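Peer 1: Using the sequences provided together with the hints, build the complete structure.
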Amino acid sequence: MNSLIKSMSPKGDAVDENLTAHPDNVPLAVHDLTVAYHRKPVLWDIDLDIPEGKLVGIVGPNGAGKSTLIKACLDLIPRASGEIGIYGKPYQQQRHLVGYVPQRESVDWDFPISALDVVTMGTYRQLGWFRRVKRAQKERAMEAIEQVGIGHLAHRQISQLSGGQQQRVFLARALAQDAKLYLMDEPFAAVDAATEEAIVQLLQTLNEKGKTVLVVHHDLATVKRYFDWLVLLNMRVVETGPTDEVFTTSNLEKTYGGKLNLLSEAARALQAATR
Amino acid sequence: MNWTSFDTWLVVTAALCAVACALPGCFLVLRKMSMMGDAISHAVLPGIAVAFIISGSRDSLIMFLGAAIVGVLTAVFTQWISRFGHVDRGAAMGIVFTTLFALGLLLIVRAADHVDLDPGCVLYGAIEFTPLDTIEIGPVSFPRAALVLTVVLLLNLAIIALLFKELRLSSFDPSLADTLGYSSQALHYLLMTMVAVTTVAAFEAVGSIIVIAMLIVPPATALLLTHRLIPMILIACVVAVLSALLGHLGALTAPSWFGFEATTSSGMMAFAAGVLFFLAWCFSPSEGQLIVWLRHRKGPRDLIPPPEIS
Chain A
48 MNSLIKSMSP KGDAVDENLT AHPDNVPLAV HDLTVAYHRK PVLWDIDLDI PEGKLVGIVG
108 PNGAGKSTLI KACLDLIPRA SGEIGIYGKP YQQQRHLVGY VPQRESVDWD FPISALDVVT
168 MGTYRQLGWF RRVKRAQKER AMEAIEQVGI GHLAHRQISQ LSGGQQQRVF LARALAQDAK
228 LYLMDEPFAA VDAATEEAIV QLLQTLNEKG KTVLVVHHDL ATVKRYFDWL VLLNMRVVET
288 GPTDEVFTTS NLEKTYGGKL NLLSEAARAL QAATR
Chain B
4 MNWTSFDTWL VVTAALCAVA CALPGCFLVL RKMSMMGDAI SHAVLPGIAV AFIISGSRDS
64 LIMFLGAAIV GVLTAVFTQW ISRFGHVDRG AAMGIVFTTL FALGLLLIVR AADHVDLDPG
124 CVLYGAIEFT PLDTIEIGPV SFPRAALVLT VVLLLNLAII ALLFKELRLS SFDPSLADTL
184 GYSSQALHYL LMTMVAVTTV AAFEAVGSII VIAMLIVPPA TALLLTHRLI PMILIACVVA
244 VLSALLGHLG ALTAPSWFGF EATTSSGMMA FAAGVLFFLA WCFSPSEGQL IVWLRHRKGP
304 RDLIPPPEIS
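First to last, the sequence lines map onto chains A and B.
Using this note's numbering, count along the first sequence one by one with no gaps and you end on 322.
Using this note's numbering, count along the second sequence one by one with no gaps and you end on 313.
List time: in silico DSBU-like cross-link candidates among lysine-lysine, alpha-carbon distance up to 30 Å: (1) K136/A / K101/A; (2) K136/A / K168/B; (3) K185/A / K35/B; (4) K168/B / K185/A; (5) K168/B / K227/A; (6) K168/B / K181/A.
Counterexamples of contact, computed for chain A against chain B with all Cβ distances above 12 Å: (7) D94; (8) L95; (9) M282.
Worth flagging that the hints you see were computed from the coordinates, not collected in a lab.
Predicted model, so just to flag it, every value in this text is computed and none were measured.
Virtual Cβ for every residue (Gly too), placed ideally from N, Cα, C.
Peer 2: Structure follows, in C-alpha cells:
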C-alpha cells in the first residue's frame, strides 16, 4: 500500500515524510517554516513539534518573530516556505480546533460593542455565514465571560473596561471557541497582578482539561512557574523541550545574545523594587 | 416660505440619499476609513467619461456601471499601493483618487466637450431639478432619483441586515474574522462596492458634497450619542433625515435674512449635518462638552468613592 502511494505521487518520499512529520495527535507541527517581510527574514527554517496537553511558553527577545510564528500558524500572514500541521492537517481544515488571543492593542477598544458581544464572536465558527447568533451562543459566551471572572461587566461597552478586564474579554472569547489548541499573543502584557493570577489559573484549568496552550511570553522571571514546555526563539528555534531541561543560562544566552545580562539585571531590580 | 410638493419630493429624495449613505458610512467610520467615500466619489469620474465614450450615449445605466466599476477599482488600487508601495492608506487614497479624478476631468473636457457632461454638476449635483425628472408608475409620478435611491437604500439595508454579524466582526477584529473563516478581504470589498454604488447613485441626483457629508457626519454624530452599534446605525439614519429636512428649510429661509434670494439646498444639507454634529458634541448626555463642564464645575462631590480597602 505504501509503495502504491509512493509510486502514484510525483514526490513520493515527500508525502511519506509529511505523514510522519504531521501525525494526527500532534496539535502543532511546524516544518521548514520561513517567513519574510519585504525580503527581510523574520523566521528562518523553523521546525517544531508541540506535544499534546502542554502549557508552552514562546520566549525570545523583541523582534525574535514570536508573534509572527503565531500568525503564520493561523495563516494570517503568507509564508515564504514551509508547512504547518494542526493535528495533521492544514489550518483551513482545522479552524474549529484552534482558539486565538491576539495582542490587546490589535483592536480599537472604542468600538461600539459590549464585552459579551465580543466574547460571542468566539462562537461564530460554528455558525457560518448569514446565520444569526441564537440563545445557545449567547449562553456559551456568558459562561466563558463568567469563567474569567467578569460576568458582572458583560454588558459594559468595552472602552469602559480596564486593560486587565479587556485582556480577560479576549481570553473569554478564545474560551468560547471551544478549541483544543490555543494560541495566545502576549496575554500577560501590561495587566495588573490580579489579572495575571487569573490568567495563570485559567491556563492551568485548560491544561488540566488536556488542552494545548501556546503563549508568547516576555517575563523571564515567571517562565519556570507558568510553563512546562518551552520554545526559545530568535528568528530560529534556539531550543525547545521541557522547561526543566531547556530553561538554562547557556540557552538563554544563546537566545538573547549579549543582551541577557542587562535584561536579567533589570528584571531583578524590578522584582526587588516591587516586593 | 412657500412649501410645495416640489419641496416635499426634493426633501424625500435627499433624505433617501442621506440614509443610503449613512448605512455603509457607519462601517466606514468604525473602520477609520471615512475618507474612502470622498476618494470613491471623486474617482468615479473617469468611469463615467469612459462609459460615455465607449457607449456614446448618456444612458444612465451604462454610466452607472462604469462609475461603479471604477469606484471599486479605487478601493483595489488603494489597497495595492499601500501594500506594495509601503505608504499609509490615507496617502495611497490621495494618490489614487486625485489621479483618477484628474484623468476623468481630462477625458470629459477632451472627448465629451460638446455634450452635457458638466464637471461642476458632478460635484454639486442638481438636486433642485430632481423633482422634475419623473417616472410614471400607475397613476402617480415619482422623481427618477427617488426611485433609484430607494432601490440602493433597500439594497444597503438588506446587505447590512444579512451580514451584520460578519461586517461587525471584520470591522472590529479583521484577524479574528480571518481565523474564523470569514474573509476580511471579501467583506472589505463588499463594503467598498456598497459605498461605490451608493455614491454613484446618489451623486447623480444630489452631488458629491452631500454624499461625502452623509457618509461621514451622521455616523460620527451617532457615535457621540451611543455606545452600541445598532442604535448607532438608527441614530445615524435619523440624523441623515433631519439634515436633509433642516438643510432644505435652511436653504429656503436663511438667505432672506441676509438679503439674498435663495441658496443651494445640497450645500445647506451638508451644513445642517455639520450643525447637528456640533450640537451632539455639545449636548451628548454621556460625554458632551456641557456635561463635562458641569461635572467639572461640580467638582468631585458627585463622584462615588471607590470601595474601602479591607
